[in-house]
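In our numbering, the protein residues as written are 11 to 232.
Just so you know, not all the hints are guaranteed correct.
[Stated by the list, open to error] If you anchor each label on the Cβ, the simulated ranges turn out as follows:
hint: 1; residue 1: 208; residue 2: 140; range: 30 to 36 Å
hint: 2; residue 1: 40; residue 2: 97; range: 34 to 40 Å
hint: 3; residue 1: 65; residue 2: 189; range: 30 to 36 Å
hint: 4; residue 1: 55; residue 2: 226; range: 43 to 49 Å
hint: 5; residue 1: 97; residue 2: 205; range: 33 to 39 Å
hint: 6; residue 1: 83; residue 2: 168; range: 16 to 22 Å
hint: 7; residue 1: 135; residue 2: 54; range: 16 to 22 Å
hint: 8; residue 1: 205; residue 2: 37; range: 22 to 28 Å
hint: 9; residue 1: 55; residue 2: 213; range: 21 to 27 Å
hint: 10; residue 1: 215; residue 2: 77; range: 36 to 42 Å
[To be verified] List of simulated lysine to aspartate or glutamate pairs, DMTMM-like, C-alpha gap at most 20 Å:
hint: 11; residue 1: 136; residue 2: 83
hint: 12; residue 1: 69; residue 2: 121
hint: 13; residue 1: 69; residue 2: 197
hint: 14; residue 1: 136; residue 2: 63
hint: 15; residue 1: 136; residue 2: 49
hint: 16; residue 1: 136; residue 2: 77
hint: 17; residue 1: 136; residue 2: 183
hint: 18; residue 1: 69; residue 2: 189
hint: 19; residue 1: 136; residue 2: 116
hint: 20; residue 1: 69; residue 2: 96
hint: 21; residue 1: 69; residue 2: 56
hint: 22; residue 1: 69; residue 2: 83
hint: 23; residue 1: 136; residue 2: 121
hint: 24; residue 1: 69; residue 2: 101
hint: 25; residue 1: 69; residue 2: 55
hint: 26; residue 1: 136; residue 2: 119
Calculated from the structure, these hints are not laboratory results. All C-beta atoms in this analysis are idealised placements derived from N, C-alpha and C, irrespective of residue type, glycine included.
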Amino acid sequence: MTTQLLEIRSGARNVVSEAAEGRLQLMPLSVEQYHRMIDEGILAEDMRVELLDGMLVPKDRGDPGGDAMVIGEEHAYVVNQLARLDRRLGDRAVHMQTQQPIVIPEDGEPEPDAAIVLRPINTLGKPLARDVSCVIEVAGTSLQRDRTTKLRLYARGGIPQYVIINLTDRSAEEYLHPDPQAGVYAEPIVHTVGSVLNLQLNADQHLSVALTELFPSGPLRK
11 MTTQLLEIRS GARNVVSEAA EGRLQLMPLS VEQYHRMIDE GILAEDMRVE LLDGMLVPKD
71 RGDPGGDAMV IGEEHAYVVN QLARLDRRLG DRAVHMQTQQ PIVIPEDGEP EPDAAIVLRP
131 INTLGKPLAR DVSCVIEVAG TSLQRDRTTK LRLYARGGIP QYVIINLTDR SAEEYLHPDP
191 QAGVYAEPIV HTVGSVLNLQ LNADQHLSVA LTELFPSGPL RK
């Protein structure tokens, strides 16, 4: 872990504590300010942080029961399987991107584990929320954040489908019908291993994926 990230992590605890006690007023960053900090070298572009609700938050890609700051083996496996799905999109003007940013104006710049982007892969610039039909998070240690902060952010962006791949019980939580004003989705549909998940491409097309394709073989982690 880099010294800069350690400082952010340690400082964040102090800031949150002071804000909770009413001794400090937080000033959220805008997406434009975040980009400027990267352009001016204040933040390294490859730092493991993302902008959520105006706050710089360390990326959480740990396995269940593991260290949130260490990329877990199961997490990496599932992300790699999601990346392989891009081949099945053929010549459509869409592509599957993995662990790359999407811009949600006024709210942040999350880096979901995967997203189906409705434009050719050679299009320049970061996709906006309106360019994304489906966003996917692979959740181990990040499960609570993915069900709350990330869900609210993606709903506010109006992204039609949000899927959480739950590493703990090897299931998928599918959220549809976003309400951008309220920042919520309809109640989730839970898909268990053995079922098929339909990832949305547009209003009348989808990519069917068997959950067994995504998870490693072997028993569930205890």
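* Asked: Can you give the numbers of the hints that this structure goes against, from lowest to highest?
  -> 1, 3, 4, 5, 6, 8, 9, 11, 13, 16, 17, 18, 20 and 24
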